[in-house]
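Q: Construct the entire structure; sequences and hints are all you get.
Sequence order for the protein chains is A and B.
Last residue of the first sequence? That's 944 in our numbering, and every number before it is there in order.
Last residue of the second sequence? That's 944 in our numbering, and every number before it is there in order.
Reference listing, derived: stretches of chain B covered by chain A, where coverage requires no fewer than 3 residues with Cβ under 8 Å from a Cβ of chain A:
1. 542 to 552
2. 557 to 564
3. 853 to 862
4. 870 to 877
5. 907 to 919
By construction, these hints were calculated from the structure, which means they are not laboratory data.
The model shown is predicted, which means the values in this text are computed figures rather than measured ones.
Cβ atoms here follow ideal geometry from the backbone N, Cα and C, with glycine treated the same way.
Protein chains: 2
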Amino acid sequence: MTIRGSVLIGAADVTTAALFRAVDPATGAPLEPAFSAAGPREVEAACALAEAAFPHFAETTPETRARCLEAVADGIADLGAPLVERAMAETGLPRARLEGERARTVGQLRLFADLVRSGAWIRATIDPAQHKRQPLPRPDLRRRHVAIGPVAVFGASNFPLAFSVAGGDTAAALAAGCPVVVKGHPAHPGTGELVARAVRAAVATGGLPEGTFSYLPGPSTDLGSALVADPRIKGVGFTGSRAGGLALMRVAAGRPEPIPVYAEMSAVNPVVLLPGALRARSASLAAGFVQSLTLGAGQFCTNPGLLIGIAGSDLDAFAEAAAAAIRESVPHTMLTPDIRDRFAHAVAALAARPGVTVAARGAAAGPGGSPACLLRTEARHVLADPALADEMFGPAALLVAAADMAEVTRLLESLGGQLTATLHLDRADEHLAAGLVPLLARKAGRILANGWPTGVEVAPAMVHGGPFPATSDGRSSSVGTLAIERFLRPVCYQDLPDALLPPPLRPDNPWHLARRIDGVLDPQPGR
Amino acid sequence: MTIRGSVLIGAADVTTAALFRAVDPATGAPLEPAFSAAGPREVEAACALAEAAFPHFAETTPETRARCLEAVADGIADLGAPLVERAMAETGLPRARLEGERARTVGQLRLFADLVRSGAWIRATIDPAQHKRQPLPRPDLRRRHVAIGPVAVFGASNFPLAFSVAGGDTAAALAAGCPVVVKGHPAHPGTGELVARAVRAAVATGGLPEGTFSYLPGPSTDLGSALVADPRIKGVGFTGSRAGGLALMRVAAGRPEPIPVYAEMSAVNPVVLLPGALRARSASLAAGFVQSLTLGAGQFCTNPGLLIGIAGSDLDAFAEAAAAAIRESVPHTMLTPDIRDRFAHAVAALAARPGVTVAARGAAAGPGGSPACLLRTEARHVLADPALADEMFGPAALLVAAADMAEVTRLLESLGGQLTATLHLDRADEHLAAGLVPLLARKAGRILANGWPTGVEVAPAMVHGGPFPATSDGRSSSVGTLAIERFLRPVCYQDLPDALLPPPLRPDNPWHLARRIDGVLDPQPGR
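A: Next up, the structure:
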């Protein structure tokens, strides 16, 4: 596969007159080649093909879709070192991280292939007729879940593979039977195109309609708005900034037909250091914290950006150890010059607030990098000005000293929705933790104990989501098998002749699904 | 229980200076007593109590919530004939219909009690730790679904019991663990207050916090908007007009924290009469159709308002038989003078459109009633002006003659989202029907064969919902056990000590739930 700088509309490579280039974030130098930016014409063409593909693609068998997902996984793996090297050049992320992310992306596609095959997502439910029921007979009712329609997916800057062209949203949407139109992130267009070509090849090999997948790269926010506004798009997956997510939510809500937007936007992922844990292991907590904070230059939505402890010598010891580790930390190149500049601005603005001090800064960085930073304040300042707890996307955190547990609780209550919330505790802290867990469960999608929130396992029990403004829709997860439900809706069939029922609901159960019959799950359908 | 005309804020009866009265729709005469209309102060008080109740109510055991729902059911049944008679006076609906609706409402509450006890809605999912996994260990991950927060429920005019104060949305929200603030429909305030008192008594008997339930009657749309705008409300259930639903969607989307709105709004519920069925049984089809159309004066969201067949003598025979039945039909009192007037206006407007003729009208009605009406046109007119297929809320339908099956398909494709879509077919029609079922599944939440869409079974497989504009959110159902998912969100617990886990996720499984462990359902946990 070579990078040709094209827009991919179904099976066609399209070029446009509007060109843009990726930039090496370490040097600011533009990278070859130039890429065609998609515009309204390409949105129109991709959406028309997606709509045309939908009726067929939505009704393909689980096996057909599972094989397609596996072919995408194989195709990405087969891209080999050139994919990783292009991603390194475009994002400044190191090789090992990108190799790990590639493994995660491929594994995620295979997980969704297994999920599609299981048929669990169909949720086949049958309430057989009761012809003799009084006062009225009960009809035969059969429910399944089906694809919602073509889906727009927005790639994220910080995961050029796992949350981008063939990331979690694309895998979940394809698994559900939804054609996907990807709005490619302009910071990694070469990486995006390589992956998009792998998806397209899998669509072709599987004999699927070309409109099953299209790829629209481009730097303009108008492109994304036009895609979300297109009447043929029925759902949106987005990972990015709060401003970007809110803008797409407004577009979606303002359409003649509003559609769901699953936007994962921002979080500071509060971490509470309980007294016993601080007393027992402030040094190892500080080491773990700084490692999590600076991982990937802090450019994770689960970055631990807000630490909370009760003021005292144990918290001071933690702060000193963390400050020492921050000063030792090696600056990494950030994803884009724009992200680097916004991060520097956010840190400077926070440092200038009354009551906030800079506890430590990392070594000065090269032109593309940013030093890590630990800031410190007291809880009363955050309670007075909640903006102190806003996300700074990068390797910076605010350490907050509270007067007592009551103030810790008030501080947590004052926060908006979060992706994660973490408690560090010793056995002696359990009674304190027990009072906080229910509160944290109202604030976040994932609660951790004695760990760090970076690192999101791709698994059935994972929830990567949370109440607004962490996401646009806290009823959902963007990681793990639960994500398929974003792109499904229920349909009930009443008294249909057997020959007209879709396979999952037929009496002979040709797909051998576990089905819920009269409210009871039949988990072992005969094969 | 007596009707006192109060607003019910938790345990308190509140009166206000703004009074309104119900009206006997048969005569237009006001009914005693006067009712206090809730305003901003009552919204504030009810939402404050609901928020205060939420942490406790959300974590009550399944048994506690199931008993509360059963106590509500018992309380409604115990209201006896006075409830039915008040509802008759306020809605003009006949006794048998209201007794049936009461049975449905009580049964629905008991169904949700059973559902809560089953714990299936918790969806307990456990991925145990893999400490030795390479390259990184897997943490222990445990997911459950929890209540989203206080919910606002809007009662509907046409089901004063089953879709009102203690209707499906209230039952589902209470089952999920969400406190409920009901905005009572102003057309049946006495009925609403009686039921609200039964809910409040059940809350008190169950030892639940008073803010678990409040009841805000009032005629003003500002009241509903204020309730949806309140930051403590986290979700909305609504059944009513498209204009009303769209207005609430706008309020919810415009909040600093947008929230989900489940609005069930409008549908014409297309019915396709396939050629073989028309040839074999046009007379019985006509009888069944007119019975469904005129049931409850046509005031059902599933009313069959659009019939489609291929032009010819069989369709003419159907039309003649239907027209005869329409002319024989007895007019019923409509729910409110306003609904009657809007219905008359909608029928007159449709009859005045080019290409539309009135095939038959029922006998003239008394002051509160409206004659049924069958209108007729050709498919090309509907294709040219989609507004011909807009809902007329009442006993009127448009019969559309299509030139051929291709035109039937085009007509169906042109329709917006629907609650239901129906096919009448003979065995010889199955090949035609097979081509339509997938299209109908994209348009509607429920597909019927050889039946009529009025009559919505309360069952696990039911879907009462559908793509916009039938509802605001086609991923959901307002009837049946699926409705509980409207009011739930997932939370993941990572590496929590056993003592800090909520009961559904503890290793000892104290609630004896069927849990999915490492992707496999363990359906028979030891008791």
